[in-house]
Amino acid sequence: VQLQASGGGLVQAGGSLRLSCSASTSGFTINAMGWYRQAPGKERELLASISSDGSTMYGDSVGGRFTISRDIAKNTVHLQMNSLKPEDTGVYYCKVTTFTTTDYWGQGTLVTVSS
Numbered sequence: 001v002q003l004q005a006s007g008g009g010l011v012q013a014g015g016s017l018r019l020s021c022s023a024s025t026s027g028f029t030i031n032a033m034g035w036y037r038q039a040p041g042k043e044r045e046l047l048a049s050i051s052s053d054g055s056t057m058y059g060d061s062v063g064g065r066f067t068i069s070r071d072i073a074k075n076t077v078h079l080q081m082n083s084l085k086p087e088d089t090g091v092y093y094c095k096v097t098t099f100t101t102t103d104y105w106g107q108g109t110l111v112t113v114s115s
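Residue numbers for the sequence shown, in the numbering used here: 1 to 115.
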């Protein structure tokens, strides 16, 4: 499974960004897709995940500002991020979990929120 993330960049506080991650599965079937963030000096944390049945889960730091969505046919997951704060700065990683419970990580995309 290969993952390609896009959409990161520099944005002012209060602004929005939309991250996308496309997966090339090579025969594997994806169960869940999700987004994680690693801020400078901190551990990687879950932001949001979405399962094959459409159920979603959000991390505590999201606070209703982020929305995860998925295009199953295209093996793509999006993260719409609104009301961004400087503390949202970090490297954002997408992750997919196959039905064989194997995790694959994308290369990360940098999001910088200026105050």
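Simulated from the structure, these hints should not be mistaken for lab results.
Since the model is a prediction, treat every value here as computed from it, not as a measurement.
Where is the CB? At the ideal position from N, CA and C, for every residue including glycine.
Any given hint might turn out to be false.
[As the list claims (entries may be wrong)] Below 30 Å or equal to it, Euclidean Cα-Cα: the simulated DSS-like pairs (lysine-lysine) are:
id	residue 1	residue 2
1	LYS42	LYS95
2	LYS85	LYS42
3	LYS95	LYS85
4	LYS74	LYS95
[Unchecked claim] What follows is a set of in silico ranges between Cβ atoms, one per label pair, in the way DEER data are often shown:
id	residue 1	residue 2	range
5	GLU43	ALA73	16 to 22 Å
6	GLN80	ALA39	32 to 38 Å
7	GLY14	PRO40	18 to 24 Å
8	THR101	PRO40	17 to 23 Å
9	SER16	THR98	20 to 26 Å
10	ARG65	THR100	17 to 23 Å
11	SER16	GLY59	26 to 32 Å
12	ASP53	SER114	18 to 24 Å
13	THR101	ARG18	24 to 30 Å
14	SER83	GLY27	38 to 44 Å
15	SER115	ASN31	34 to 40 Å
Evaluation of the provided hints:
A hinted pair counts as satisfied when its Cα atoms are at most 30 Å apart, and LYS42 with LYS95 qualifies at roughly 18 Å. At roughly 16 Å between alpha-carbon atoms, LYS85 and LYS42 fall within 30 Å of each other, so this suggested pair holds. Distance check on the hinted pair: LYS95 and LYS85 sit about 23 Å apart at the alpha-carbon level, within 30 Å; holds. Distance check on the hinted pair: LYS74 and LYS95 sit about 15 Å apart at the alpha-carbon level, within 30 Å; holds.
In this structure the hint that GLU43 and ALA73 lie 16 to 22 Å apart at CB is violated, the actual value being about 34 Å. Restraint check, GLN80 to ALA39: a C-beta distance of roughly 19 Å breaks the suggested window 32 to 38 Å. At roughly 21 Å, the beta-carbon separation of GLY14 and PRO40 lies within the given 18 to 24 Å, and the hint holds. For the hinted restraint 17 to 23 Å between THR101 and PRO40, the CB-CB distance of approximately 31 Å leaves it violated.
One distance hint, 20 to 26 Å for the beta-carbon pair SER16 and THR98, is violated here, with the actual separation near 31 Å. For ARG65 and THR100, the hinted distance range of 17 to 23 Å is not satisfied, since their beta carbons lie about 33 Å from each other. For SER16 paired with GLY59, a C-beta distance near 18 Å fails the hint of 26 to 32 Å. A hinted range of 18 to 24 Å is violated for the C-beta pair ASP53 and SER114, which are about 38 Å apart.
Distance hint check for THR101 and ARG18: the Cβ-Cβ separation is about 29 Å, which falls inside the suggested range of 24 to 30 Å. At roughly 39 Å, the beta carbons of SER83 and GLY27 sit within the given window of 38 to 44 Å. About 38 Å separates the C-beta atoms of SER115 and ASN31, a value consistent with the hinted range of 34 to 40 Å.
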